[in-house]
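Participant: Residue numbers (the numbering used here), protein chains in the order written: chain A, 24 to 389; chain B, 24 to 389.
Accuracy of the hints is not assured; some may be wrong.
Cross-link-like lysine-lysine pairs, in silico, BS3-like; alpha carbons within 27 Å at most [what the hints assert, rightly or not]: (1) A:K90 to B:K369; (2) B:K341 to A:K175; (3) B:K25 to A:K175.
Some, not all, of what chain B presents toward chain A, calculated at C-beta under 10 Å [to be verified]: (4) E103; (5) H114; (6) T141; (7) F142; (8) L143; (9) T167; (10) L177; (11) V178; (12) G179; (13) L327; (14) S374; (15) T377.
In case anyone wonders, no lab produced these hints; they're calculated from the structure.
For each residue, glycine too, the CB sits at the ideal point set by N, CA and C.
Single-letter residue listing:
Number of protein chains: 2
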Amino acid sequence: MKTVDVDPGNTAYSILIDADSLSGFGEFVKERFGKIDGAVITDETVDRLYGGELADSLEAAGHDCGKLVVEPGEESKSPEAAKNLYRDLVHMELHRDSFILAFGGGVVGDLAGFVGSTFLRGIPVIQIPTTLLAQVDSSVGGKTAVDLPEGKNLVGTFYQPEAVFIDPVVLETLDPADVRSGLGEVLKYGLIWDEELFQKVNGNGDLFEDFNDQAELEGIISRCCEIKAEIVTEDERDRGIRQILNFGHTIGHGIEAGAGYGEMKHGEAVLWGMIGESWISARRGYLSQESLEEIVSALRGFALPPLPADLSEERLLKYVKLDKKVRRERINSVLLERIGGEAIVKEISESEVTAAWDYLTELGEG
Amino acid sequence: MKTVDVDPGNTAYSILIDADSLSGFGEFVKERFGKIDGAVITDETVDRLYGGELADSLEAAGHDCGKLVVEPGEESKSPEAAKNLYRDLVHMELHRDSFILAFGGGVVGDLAGFVGSTFLRGIPVIQIPTTLLAQVDSSVGGKTAVDLPEGKNLVGTFYQPEAVFIDPVVLETLDPADVRSGLGEVLKYGLIWDEELFQKVNGNGDLFEDFNDQAELEGIISRCCEIKAEIVTEDERDRGIRQILNFGHTIGHGIEAGAGYGEMKHGEAVLWGMIGESWISARRGYLSQESLEEIVSALRGFALPPLPADLSEERLLKYVKLDKKVRRERINSVLLERIGGEAIVKEISESEVTAAWDYLTELGEG
Chain A
24 MKTVDVDPGN TAYSILIDAD SLSGFGEFVK ERFGKIDGAV ITDETVDRLY GGELADSLEA
84 AGHDCGKLVV EPGEESKSPE AAKNLYRDLV HMELHRDSFI LAFGGGVVGD LAGFVGSTFL
144 RGIPVIQIPT TLLAQVDSSV GGKTAVDLPE GKNLVGTFYQ PEAVFIDPVV LETLDPADVR
204 SGLGEVLKYG LIWDEELFQK VNGNGDLFED FNDQAELEGI ISRCCEIKAE IVTEDERDRG
264 IRQILNFGHT IGHGIEAGAG YGEMKHGEAV LWGMIGESWI SARRGYLSQE SLEEIVSALR
324 GFALPPLPAD LSEERLLKYV KLDKKVRRER INSVLLERIG GEAIVKEISE SEVTAAWDYL
384 TELGEG
Chain B
24 MKTVDVDPGN TAYSILIDAD SLSGFGEFVK ERFGKIDGAV ITDETVDRLY GGELADSLEA
84 AGHDCGKLVV EPGEESKSPE AAKNLYRDLV HMELHRDSFI LAFGGGVVGD LAGFVGSTFL
144 RGIPVIQIPT TLLAQVDSSV GGKTAVDLPE GKNLVGTFYQ PEAVFIDPVV LETLDPADVR
204 SGLGEVLKYG LIWDEELFQK VNGNGDLFED FNDQAELEGI ISRCCEIKAE IVTEDERDRG
264 IRQILNFGHT IGHGIEAGAG YGEMKHGEAV LWGMIGESWI SARRGYLSQE SLEEIVSALR
324 GFALPPLPAD LSEERLLKYV KLDKKVRRER INSVLLERIG GEAIVKEISE SEVTAAWDYL
384 TELGEG
């Protein structure tokens, strides 16, 4: 069992990482908050796999929690879904001291976090992330969101949960693509912040196939949470250093959106994006050729999925620029000076993006 | 010109109260924030009366602001209206440093404040309240909201504006009922906090008919803002002393909702509610009979509208309890020990509510 404390200003909370602990969730909550009432918000997939275990645990500890189940997938992260949940919460007679338990991956965490942060102007939220990506990324930092037809995450809040409860063993039932997607983020923390973490994961791919070394799993996930907590604590409102968390995301986002959402997992696109942005870092002379080769070899080693077959250079560039345009930003990218540190935010040119894309497509064919 | 500084923790801002100053709004913004881009959110009524003056002022100072106009009335304070505004903001290419200018009464302030607090996870908002109620109440305190079919203000955020800009002269074009609605809140501040303010307004009803003493208007409005700022600074999250701002609202809310929303102005219902709750205060022996009579005489002096003709005791009680039930609160009410202070929150019984209602209906007939 590991604990990571997060304290971004006036709202400290803890992240508990404890393998095979889901059945103890109810007791965990009772110890910290007493008996609660509230609503579990989850999706159909997670509910089918783990909903019973969570409900039993809550009931055994004497909590009074209903359940609201949304469809899996990004489509549920909409203003309409939020409104339906608000109405359900009223009918369940939730009040200002009731809890939202966000039980699922990134979509559920973002949606339920947003609903919790705005229902009755904000009620307590506990995040129980069930994907690797959500465990190492979206459950830390207090960002909540819903999407608009015009783009992802355009509406949301900064809102810290009361606690984050992570059971790495629930990852056993993840799709391999979802595991890769989360590993992309784990490797990202290694590359921008902690070489030891990078090397540990790099040499230990099996860990995320058979999930049998619980202590090592807890260690890796808690280290990611620590790194993210350290970064977001310095920069809760996403104005400065937090931007280095976007390593791989400029090109990665172009690939993900250019392919059409749902075609490729977010973290898989970011894996490709990190290779592209490492290549730009090396081409500019920031990163050594040896380090670039080490990164490429490591990231390809995690069964990198093929690039989207019909994604043209023009289309990639369009989506890279579109995202920046909505936010009225230049094409900034995070570049590396070495593995494990010295990540810096720099404007990159369109021709650097397309040259990196040429490099990626060659890699993809090779 | 008067200025009230508000500092609820880490987000200080100023309220400027300046008669006949709307045409100088653009310069005010330029001095404080430089040239801005953004969107004015307003309603059709305010736009028709003052939209041109505001737009000219913004343009003359070199700002780049579009305009979004909603229909007047509570129906615009919906999640659907918020979604439409978000999409419009994307199409106007607003970014994280753009401003929302909330130009209107309480509905516009709540809606535009909510949209501003959640678009791109929060962009700067300036409130330009144009009704007396909004100037003395809803533009201070950082509460934003939209309604659900199940009830008003069930969704929202706590989000402080960058500034509040108040021109009391725009009140000239208000309906008398809207003036009364705002005066209800002004008298409330006097009753719960400041006897001098109560006496000043009590003896000066003409002021709010011909609006010709600008210094006195500025003085009264700024005093209300000061009182509210003082109270909410102590209690930003609405957990303690802020509850005394609900004086008149337990019974007032029952009258407003029982009559059907839109039948009676919020502040008018609160005027009646304050009489009812003062009567309960006197009946319990907290408030002297002389003070009760002074309050009743003062509040009736402001052309109190008739009580809703077909509102039964049962229906009143149902709505008093319904509001509390959604929020899972007992029937609490703010009671007075004297004019201008010692407001205390106490649970009241159903029979006290109905006895107060009997008193009000007799008054209404008398």
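Participant: Please go over all the hints and tell whether each is borne out by the structure.
Facilitator: Structure-based check of each hint:
no.	hint	result
1	A:K90 to B:K369	violated, 34 Å
2	B:K341 to A:K175	violated, 43 Å
3	B:K25 to A:K175	violated, 43 Å
4	E103	holds, 8 Å
5	H114	holds, 7 Å
6	T141	holds, 5 Å
7	F142	holds, 6 Å
8	L143	holds, 6 Å
9	T167	holds, 8 Å
10	L177	holds, 6 Å
11	V178	holds, 5 Å
12	G179	holds, 5 Å
13	L327	violated, 31 Å
14	S374	violated, 25 Å
15	T377	violated, 25 Å
Taken one by one, the earlier hints fail for this structure at numbers 1, 2, 3, 13, 14, 15, listed in ascending order.
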